[in-house]
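Enquirer: Residue-level listing of the chains:
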Amino acid sequence: MYSTLLAFDWLFLIEKLVLIVGIISVSLGIAMYETWAERKVAAVMQDRRGPNRAGPFGLFQPLADGLKLFMKEEIIPNTSNKWLFVLGPCLAMLAAMMTSAVIPWGGKIDFFGREVNLQITDINIGILYIFAVVSMGIYGIMIGGWASNNKFSLMAALRGASQVISYELPMGLSLIALLLVTGSLKMSAIVGGQIDGVWNVVYQPLGFLIFLICAFAECNRTPFDLPEAENELNFGYHQEYSSMKLGFYLFAEYINMFISSAVMATLYFGGYDIPGVNDAQLTEKVGLNWMAFFQGAVLFGKIIAFILLFMWVRWTIPRFRYDQLMHLGWKRLVPLALLNMIITAAVILYQLKK
Amino acid sequence: MSISEILFYFLSVLALGSALMVVISRNPVHSVLWLIVTFFAISGHYIMMNAQFLGIVNLIVYAGAIMVLFLFVIMLMNLNAETEPKKNKWLRMAGIVAGGCLLLVLVAALKDADVKNSAVQLNSGNIGLIEQLGKTLFTEYVVPFEISSVLFLSAMVGTVVIGKKGD
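Chains as they are written, first to last, in numbering that gives the first Met the number 0: chain W, 0 to 353; chain V, 0 to 166.
In case anyone wonders, no lab produced these hints; they're calculated from the structure. Backbone N, C-alpha and C define an ideal beta-carbon position, used for all residues, glycine too. Hints should not be assumed to be uniformly reliable.
To spell it out: a stretch of chain V is covered by chain W in this simulated footprint if at least three of its residues, at any positions, have a beta carbon under 8 Å from a beta carbon of chain W; those stretches are [stated by the list, open to error]: (1) 27-37; (2) 48-60; (3) 65-76.
Across the chosen pairs, the derived CB separations fall in these ranges [as the list claims (entries may be wrong)]: (4) Q131/V - F69/W: 49 to 57 Å; (5) K81/W - L136/V: 44 to 52 Å; (6) V20/W - Q131/V: 31 to 39 Å; (7) L58/W - E4/V: 49 to 57 Å; (8) T315/W - Y140/V: 49 to 57 Å; (9) E72/W - K163/V: 45 to 53 Å; (10) P143/V - F69/W: 56 to 64 Å; (11) H326/W - E145/V: 25 to 33 Å; (12) K163/V - V17/W: 51 to 59 Å; (13) V160/V - E72/W: 47 to 55 Å; (14) F111/W - E130/V: 30 to 38 Å; (15) T158/V - L338/W: 19 to 27 Å.
Here chain V stands alone, though its shape is the one from the complex (with noise of 0.2 Å):
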C-alpha cells in the first residue's frame, strides 16, 4: 500500500463514519459538525482526484458558509435531545422505505461503473486544475454556465423580496 492508498481508505472510512454519525447523533448541533467532517473528507477526495480547485471550493461554500448558516439557525432554534418530540412510527416507517428506495437506486446506478484500478489518480489529468476547469466552462460550457448564474441572480433577488415583505 502506497501512502495515497492509505489516505484514500483513511478519507473513505472519515467520510462514511462521519456520515453516518451525522443520522445517528441526537444533537442536531453535532449533526452539523459531523456533516462538515464530512465535507472535509470529501474534499480529501477531490484533491486526491487531482480536483484541487473543486476540493477547495467545497470546503469554501458548503463546510464554511453553507454549513455556518445551518449552525445559526439550530443554535437560534435551541433544539436539544431532551426536547426532541416522540415521532410518528408510521413517520418512521416512511422513512425506512425511503432510504432504502434511495439505496435501491443508488446500488442499481453504481453497480456497473467500472472499478478503477487505482483508487487514487494524483497528478494524472488537468481538468480539475484551475486553469483548465476555467478555459473549459468559458469556451465549451458557457451557455450552460451563464444561465446557471442567471438562476443564482434570481435566487438572490427573489430571497430579497421575500425578505422585505415583512416592513
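So that you can see chain W by itself, here it is in the shape it has in the complex (with noise of 0.2 Å):
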C-alpha cells in the first residue's frame, strides 16, 4: 500500500507548496503594508503627517498595531455561539486568500532545469472559480455577525450580503461580455491573448468601469462600505469582536481589495504583459528567470496602481445611501452590464459571419 501512496509526484507537491507559501506570505506583506499606505494617503489628501513614529516614515506602524491587536483581551460574548463566533472570521480569512490560487503571477521560471509555472493551478474554468469563492465570502460577514448575538452586527451583516449579492450580478454580466473577447475562462489563456497585443480594456471600457464598480462594492470599500456605516449602525457587523478575530476581518477586507487589484489587473490590464515591449524577444534577451521577474514586478505595479484608486476612492467620496446602492446596483448597472454583453456579442458574430 506505501508504494502506491508514494507514487506521488513528490517534487510536483513541493513545488505547489512553496508557491502556495510564497503566493500566501506575499499577500499579507501586502495587506500589511496596504494599512500603512492607506493612512499615509489619507494624511496626504487631508494635508496631515500619517504616522510617522515607529521606524522611518512610520514604516514600523504595521507592526505595531498587530502587536497590539495580539496584545488585547479576546472577548467571547456569553451568549453568542462559540464556534460560529469563531468560525465567522477564520471563513472571511480563509475566503480572502484562496482566490489567489487561479491567478498567474508571471511567466514561466527555470529552477534548475525545471520549469514552474507562477501560478498555482491553472484550471479551465478559472473566472468560475473565483466567483465561487468570492460568493463563500460572505459567510465570514453572516456568520460573524449573526454569532455576536447583537442587532446591529446581525443588519449589518444582512445589509453586507445583500449587498454583495446585488453587486455580484452585474459584475458576472460584465465578465460574460469579456469572455467573449477573450473566448476562454483560463486564466492564463486570458493573459496569454493580451500579452504583445491590446489589453482588454480597450475592447471593453464599459465592462471594465462596471467590474470596478462591483469589486468596490464586494469589498465593501467606501462609497459602498454600508455594512460599516458607524453613524446607522455603530461598528457594523464585527462590533463584538475583539482581539485578533477583529483583526482577521479588517485584514480580509485589506486582502481582498489586493486580490481583486489583481484580477482586474489580470483581466483588463493584461495581466504580466509588459507595456511597449515585445517579451518573446526581450525572453531571448534575458533569459526565462529574469523575464519572470520582470513580468511579476509589472504586475505588481499594476497592483499597486489599483490599490492606490481604491484608496483614493475611500477618502474622497461620501457614503451611498442602502437605497441609493440598491438603485446603481439593480436599476443602473445590469442593464447597462446587459447591454454591454448583447452589443459585444453582436460585433462578434458581425465579425464571425464577415
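Two independent chains are provided; combine them into the complex using the hints.
Expert: Set out below in C-alpha cells:
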C-alpha cells in the first residue's frame, strides 16, 4: 500500500507548496503595508503627516498595530454561539486567501532545469473559481454577524450579504462580455491573449467600469461600505469582536482589495504583460528567470496602481445611502451590463459572419 | 489506495455525515451551515468525476446564493432551539413513514445500477468540461435549454408581480 501511496510526484507537491506559501506570505505582507499606505494616503489628502513615529516614515506602524491587536483581551460574548463566533473571521480570511490560487503571477521560471509556472493551478474554469470563492466570502460576514447575537451586527451582516449578492450580478454580466472577447475561461489564456497585443480594457471599457464599481462593492469599500456605516450601525458586523479576530476581519478586507486589484489587472490590463515591450524578444535577451522577475514586477506595479485608486476613492467620495446603493446596482448597472453584453455579442457575431 | 480514492472516501463520508447533521441539528442555522458543507462535498465529487463546470456552478448557485437567502430568512425569524414548538406525535410518525418510503424508492432505483470499478474518473471523458458542455447544450439540446430559460424568466417575472402586490 505504501508503495502506491508514495507513487506520486513529490517534486510537484513541493513545488506547489512553495508557491502557495510564497503567494500567501506576499499577500499578507502587501495587506499589512496596505494599512500603512491607507493612512499615509489619507494623510496626504487631508494635509496631515500620517503615521511617522514607529521607524522611518512610520514603516513599522503595521507591526505595532499587529502587536497591539495580539495583546488585546480576547472577548467572546456570553450569549453568542462560540463555534460560529470563531468560525466567522476564519471563513472571511480563508475566502480572501483562496482566490489567489488561479491568478498567473508571471511567466515561467527555470529552476535548475525544472520549468515552474508562476501560477498555483491553471484550471480551465479559472474565472468561475474566483466567482465561487467570492460568493463564499459572504459567509464570513453573515456567520460573524449572527453569532455576535447583537441586532446591529445582524443588520450589518444582512446588509453586507445582500450588497455582495446584488453586485455579483452585474459583475458576472460584465465578465460574460469579457469572456466573449477572450474566448476562454482560463486565466492563463486570458493573459496570453493580451501579451504583446491589445489589452482587454480597449475592447471592454464599459465592462471594465462596471467590473470596477462591483469590485468596490464586493470589497465593502467606500463608497459602498454600508455594512460598516457607523452612524447607523455602530461598528458594523464586527462590533462584538476584539483582539486578533477583529484583526482578521479588517485584514481580510485588505487582502480582498489586493486580490481584486490583481484580478482586474489580469483580466483587463494585460496581467503580467510588460507594456511597450515585445515579451518574446526580451525573453531571449535576458533569459527566462529575469523575464519572470520583470513580469512579476510589472504586475505588482499595476496592482499597486489599482490599490492606490481604491484608497483615492475612499478618501474622496462620501458613502451612498442604502436605497441609492440598491438603485445603482439593480436599475443602472444590471441593464448597462446587459447592453454591453448584447453589443459585444453582436459585434463578435458580425465579425464571424464576415 | 491511490490519492484520488482516499479523496473519494473522504468526500463520501463528509457528504453523508454532514447531510445527517442537517437533519439532526436542533438549531436551524446549524442545519443550513451543514447543508453548505454537503454542497461542498458534492461539488468535490463532481470534480472527481471530471465535471468541473457542474461542480463550480453548484458552489456558485447553491452554496453561494440560495443558501445565503436561506440563512437570511432563518436568521431574521430568530428561530432557536429553545423556542422550538413541541411536535405532534402523529406528524413524527408520518415523517418516519415518508422517509422510509423515499429510502425504499432510492434503494430500488439504485439496486440495479451498474457499479463502476473505479470510484474516480479523473481525466476521463470530457462531457463535463465547459467547452463540450456548451456545445452539447447549444446544438443537441437547444430546445429544452431555451424552454427552461423561458421558465426561469417567467418565474422571475412572477416573483416581481407577487412582490409588487402589497404596494
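Enquirer: Evaluate each hint against the coordinates.
Expert: Taking the hints in turn, this is what the structure says about them:
Given as covered by chain W, the region 27-37 of chain V passes the check, having 3 residues with a CB less than 8 Å from a CB of that chain where 3 are the minimum. For a cut-off of 8 Å, the count of residues in the region 48-60 of chain V with a CB near a CB of chain W stands at 6, and the three-residue condition holds. For the region 65-76 of chain V, the assignment as covered by chain W holds, since 5 residues bring a beta-carbon within under 8 Å of that chain's beta-carbons and 3 suffice. Here the CB-CB span from Q131/V to F69/W is close to 51 Å, well matched to the stated 49 to 57 Å.
Look at K81/W against L136/V: about 46 Å separates their beta carbons, and that is inside 44 to 52 Å. For the pair V20/W and Q131/V, the supplied restraint of 31 to 39 Å holds, since their beta-carbon distance comes to about 35 Å. Between L58/W and E4/V the Cβ separation comes to about 51 Å, which falls inside the hinted range of 49 to 57 Å. At about 50 Å, the beta-carbon gap between T315/W and Y140/V stays in the expected band of 49 to 57 Å.
In this structure, E72/W and K163/V meet the distance hint of 45 to 53 Å, their C-beta atoms being roughly 50 Å apart. Remark: the range hint 56 to 64 Å for P143/V to F69/W is upheld by a beta-carbon distance near 57 Å. A hinted range of 25 to 33 Å for the beta carbons of H326/W and E145/V is consistent with their spacing of about 32 Å. Restraint check, K163/V to V17/W: a C-beta distance of roughly 56 Å satisfies the suggested window 51 to 59 Å.
Between V160/V and E72/W the Cβ separation comes to about 53 Å, which falls inside the hinted range of 47 to 55 Å. For the pair F111/W and E130/V, the beta carbons lie near 36 Å from each other, so the given range of 30 to 38 Å is met. Remark: the range hint 19 to 27 Å for T158/V to L338/W is upheld by a beta-carbon distance near 23 Å.
In terms of the numbered hints stated before, the structure departs from none.
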